[in-house]
Amino acid sequence: MKFTLFIALRYLFSKRKQTFISVISAVSILGITIGVASLVIALALVSGFQGEIQGKVLRATSAIMASPVSSRGIEDWKELCHRLEKFSFVKRAYPQAIIQALASSEYDIKPIMLRGLDPENLPDWIGGLMEGGIVIGDKLMEELGISPGDFITVYLPSVELTPFGPRAKARRVKVTGAFSSGLYILDNTSGAFPIGRGRELFSIKPEVNYINIDVDDIYRAEEYSKILDKEFPDLIFTPWNVINRTLFESLKLEKRIIFLVIALIVVVAALNIIASLVLLVMEKIKDIGILMSMGARRNDIAKIFMAQGTFIGIIGVLLGEIIGILASWAASTFRLIRIPADIYQIGYVPFHVKPLEAAGVGIFALIISFLSTIYPARKASKIDPSEAIRYE
Amino acid sequence: MNDKIVLENIYKSYYLAGVTTEVLSGVNLKVEENETLAIVGPSGVGKTTLLHIMGTLMKPTSGKIYIDGLDISTLGDDALSSFRNKKIGFVFQFHHLLPEFTALENVMMPLLIRGNDGAEEKAAEMLKLVGLGGKEKHRPSQLSGGERQRVAVARAIVTRPSILLADEPTGNLDWKTSEGVLDLLFSLKEEFSITMVIVTHNRHVAEKCGKIYLLERGKIRCYTD
Numbered sequence: 001m002k003f004t005l006f007i008a009l010r011y012l013f014s015k016r017k018q019t020f021i022s023v024i025s026a027v028s029i030l031g032i033t034i035g036v037a038s039l040v041i042a043l044a045l046v047s048g049f050q051g052e053i054q055g056k057v058l059r060a061t062s063a064i065m066a067s068p069v070s071s072r073g074i075e076d077w078k079e080l081c082h083r084l085e086k087f088s089f090v091k092r093a094y095p096q097a098i099i100q101a102l103a104s105s106e107y108d109i110k111p112i113m114l115r116g117l118d119p120e121n122l123p124d125w126i127g128g129l130m131e132g133g134i135v136i137g138d139k140l141m142e143e144l145g146i147s148p149g150d151f152i153t154v155y156l157p158s159v160e161l162t163p164f165g166p167r168a169k170a171r172r173v174k175v176t177g178a179f180s181s182g183l184y185i186l187d188n189t190s191g192a193f194p195i196g197r198g199r200e201l202f203s204i205k206p207e208v209n210y211i212n213i214d215v216d217d218i219y220r221a222e223e224y225s226k227i228l229d230k231e232f233p234d235l236i237f238t239p240w241n242v243i244n245r246t247l248f249e250s251l252k253l254e255k256r257i258i259f260l261v262i263a264l265i266v267v268v269a270a271l272n273i274i275a276s277l278v279l280l281v282m283e284k285i286k287d288i289g290i291l292m293s294m295g296a297r298r299n300d301i302a303k304i305f306m307a308q309g310t311f312i313g314i315i316g317v318l319l320g321e322i323i324g325i326l327a328s329w330a331a332s333t334f335r336l337i338r339i340p341a342d343i344y345q346i347g348y349v350p351f352h353v354k355p356l357e358a359a360g361v362g363i364f365a366l367i368i369s370f371l372s373t374i375y376p377a378r379k380a381s382k383i384d385p386s387e388a389i390r391y392e
Numbered sequence: 001m002n003d004k005i006v007l008e009n010i011y012k013s014y015y016l017a018g019v020t021t022e023v024l025s026g027v028n029l030k031v032e033e034n035e036t037l038a039i040v041g042p043s044g045v046g047k048t049t050l051l052h053i054m055g056t057l058m059k060p061t062s063g064k065i066y067i068d069g070l071d072i073s074t075l076g077d078d079a080l081s082s083f084r085n086k087k088i089g090f091v092f093q094f095h096h097l098l099p100e101f102t103a104l105e106n107v108m109m110p111l112l113i114r115g116n117d118g119a120e121e122k123a124a125e126m127l128k129l130v131g132l133g134g135k136e137k138h139r140p141s142q143l144s145g146g147e148r149q150r151v152a153v154a155r156a157i158v159t160r161p162s163i164l165l166a167d168e169p170t171g172n173l174d175w176k177t178s179e180g181v182l183d184l185l186f187s188l189k190e191e192f193s194i195t196m197v198i199v200t201h202n203r204h205v206a207e208k209c210g211k212i213y214l215l216e217r218g219k220i221r222c223y224t225d
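Going down the list, the sequences are from chains A and B. So the first sequence is numbered by the numbering used here: it starts at 1 and just counts up by one. So the second sequence is numbered by the numbering used here: it starts at 1 and just counts up by one.
Hint data in this document are derived by calculation from the structure and do not stem from the laboratory. Just so you know, not all the hints are guaranteed correct.
From the structure, some residues in chain A lie toward chain B, with a derived Cβ separation under 8 Å [to be verified]:
# : residue
1 : Arg10
2 : Ser14
3 : Lys286
4 : Asp287
5 : Ser293
6 : Met294
7 : Gly295
8 : Arg297
9 : Pro385
DEER-style ranges, computed between Cβ atoms [unchecked claim]:
#  : chain 1 : residue 1 : chain 2 : residue 2 : range
10 : A       : Phe370    : B       : Phe94     : 29 to 39 Å
11 : B       : Glu33     : A       : Leu30     : 56 to 66 Å
12 : B       : Ser187    : A       : Leu5      : 27 to 37 Å
13 : A       : Arg256    : B       : Asp77     : 40 to 50 Å
14 : B       : Ser187    : A       : Phe370    : 47 to 57 Å
15 : B       : Gly133    : A       : Glu283    : 28 to 38 Å
16 : A       : Arg256    : B       : Asp117    : 47 to 57 Å
17 : B       : Leu75     : A       : Arg256    : 47 to 57 Å
18 : B       : Asp117    : A       : Glu283    : 26 to 36 Å
19 : A       : Leu30     : B       : Phe94     : 33 to 43 Å
20 : B       : Tyr66     : A       : Phe370    : 35 to 45 Å
21 : B       : Tyr66     : A       : Glu387    : 47 to 57 Å
22 : B       : Asp77     : A       : Phe370    : 20 to 30 Å
When the alpha-carbon atoms are kept at most 16 Å apart in a straight line, the in silico EDC-like pairs for lysine to aspartate or glutamate are as follows [said to hold, decoys possible]:
#  : chain 1 : residue 1 : chain 2 : residue 2
23 : A       : Lys2      : A       : Asp300
24 : A       : Lys379    : A       : Asp300
25 : A       : Lys382    : B       : Asp77
26 : A       : Lys91     : A       : Glu120
27 : B       : Lys219    : B       : Glu22
28 : A       : Lys2      : B       : Asp117
29 : A       : Lys86     : A       : Asp300
30 : B       : Lys59     : B       : Asp71
31 : A       : Lys86     : A       : Asp216
32 : B       : Lys59     : A       : Asp384
33 : B       : Lys30     : B       : Glu8
34 : B       : Lys59     : A       : Glu387
35 : A       : Lys382    : B       : Asp78
36 : A       : Lys86     : A       : Glu231
37 : A       : Lys2      : B       : Glu120
38 : A       : Lys110    : A       : Asp138
39 : B       : Lys30     : B       : Asp71
This one's a predicted model, so the numbers in the text were calculated from it and none came from an experiment. Built from N, CA and C at the ideal position, the CB exists for glycine as well.
All chains, please: the whole structure from these sequences, using the hints.
Here is the structure:
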């Protein structure tokens with residue numbers, strides 16, 4: 001072992017003459033630990049939300065949605081799907097209808113987004129589409145105060161002429177069941193019916209006004225959309241992350257701000273490292289002189305204190321990472337923090353530690369710790385050995 | 001006899017709080033190989049300063065220092081450190097052992113700085129030689145004053161330096177312990193053919209040396225001739 005490391009380790013772990021220095025060293029380790037743990041937990045929280053919401057959004061929509069430039073719907077969807085599926089990155093393309101309407105029961109009236117879904121390509125959160133009616137989200141069913149088998153009135157956004165003059169188009173339909181996707185906005189505001197039954201149920205045509213496209217890599221959805229845009233001038237392709245851009249952007253911004261704020265804890269802890277090292281240099285001034293008289297170079301002296309401060313950083317980072325990862329794991333696994341699902345889309349706070357982020361936090365804290373050793377180490381290396389030996 | 005250390009017209013002044021104090025004003029001194037030389041003089045006259053200049057711990061304001069014929073002002077900081085490590089051993093008035101380290105580790109330290117293999121064996125051997133076999137694991141706080149100074153002596157010569165500079169090596173010890181440490185110093189000096197310079201204001205110590213120099217008012221003169 002290099003003697004600088006030998007001395008630094010001994011200084012770190014032996015009892016100080018001045019307990020104040022041990023206390024302040026302990027405080028700096030604690031500071032780094034708290035800072036790193038907080039950063040790991042906070043980033044895990046935002047990542048958890050991001051992941052959870054992204055997962056739910058992707059379950060509710062497809063990677064890319066194609067809609068017609070005109071508002072008349074898509075008549076030739078079969079052919080379009082066929083053409084789309086010829087692209088190597090398209091896993092499948094299937095039709096969908098979306099109708100904005102109002103659902104009315106005896107008790108309440110609520111907005112509803114009715115989706116006409118392809119029974120061959122049902123998302124997994126829908127148990128099944130029963131013939132002869134619609135299924136709606138369980139939360140919506142609750143709010144409308146109905147049970148499976150009941151009828152609701154659906155008011156459609158078009159007008160029809162009746163003997164009593166023009167009136168909003170309304171149809172009575174049977175609610176055959178409920179689904180629960182876990183995404184509040186879906187369970188609270190949507191319903192679904194088998195595509196192809198739109199004409200029968202709601203007298204709409206054409207039956208299809210969107211095409212869902214699943215791709216091989218959802219993170220390249222934006223890039224794929226651009227390629228498709230060029231090939232199909234009559235369609236508008238919107239990737240999943242653009243549909244929910246505000247949501248994802250705000251989560252990203254939140255992550256950055258959280259990082260900046262909590263990183264301050266690490267910076268304050270680094271100030272403690274500086275203080276403890278400066279005091280240590282003062283206490284060890286005589287040792288420094290002696291080591292120089294034995295032939296230690298100024299660089300060696302600097303290295304002793306740099307190693308010392310970096311050890312403080314390493315211990316703090318290791319403890320912080322362990323605490324942060326364990327706390328995140330526990331909070332997520334045991335769903336320790338409950339939140340209202342109607343606001344946050346999820347019933348508990350999810351934590352997801354991304355290895356790269358946790359490593360980044362550690363490296364950041366280590367760099368800050370290392371930087372804070374530079375001033376005290378330089379100070380130590382500038383000491384005049386002759387004066388230091390005579391120092392009382 | 002070869003000249004081991006040559007000081008040529010050494011001046012040293014300190015600048016403190018706006019006042020310049022000249023401590024050494026033209027010191028000329030030759031220390032021959034293997035000789036033992038004492039520098040005596042009243043307190044505060046600059047004996048330690050002179051010793052530190054000889055030991056390359058301090059640069060003179062002006063003047064030249066030659067060790068083994070080499071003008072040490074030509075050496076850079078790092079070269080000087082390694083030069084000290086190889087050629088010079090120091091023994092101070094207060095043992096100046098590193099309190100966090102055991103006796104053995106303290107003796108090993110100069111070898112570790114040099115990056116030598118087998119530091120532990122050499123240090124253990126040296127501790128035995130100074131009569132401290134069995135006390136390797138003791139911290140300085142667990143040793144008596146005389147034992148600490150013996151560890152300091154072992155540390156100074158474990159690198160087999162050709163020059164030993166001792167600053168009041170027994171100044172902090174009672175008479176009987178002093179005798180023991182002095183005997184040790186002189187016997188080791190003989191055994192390893194070391195050139196030794198002792199700064200002291202103890203006449204008894206000085207008289208054991210081959211030559212005595214008196215430092216007074218910034219000048220040095222030979223006392224024995």
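(request) Find the hints from earlier in the document that the structure breaks and name them by number, from lowest to highest. (result) 21 and 29
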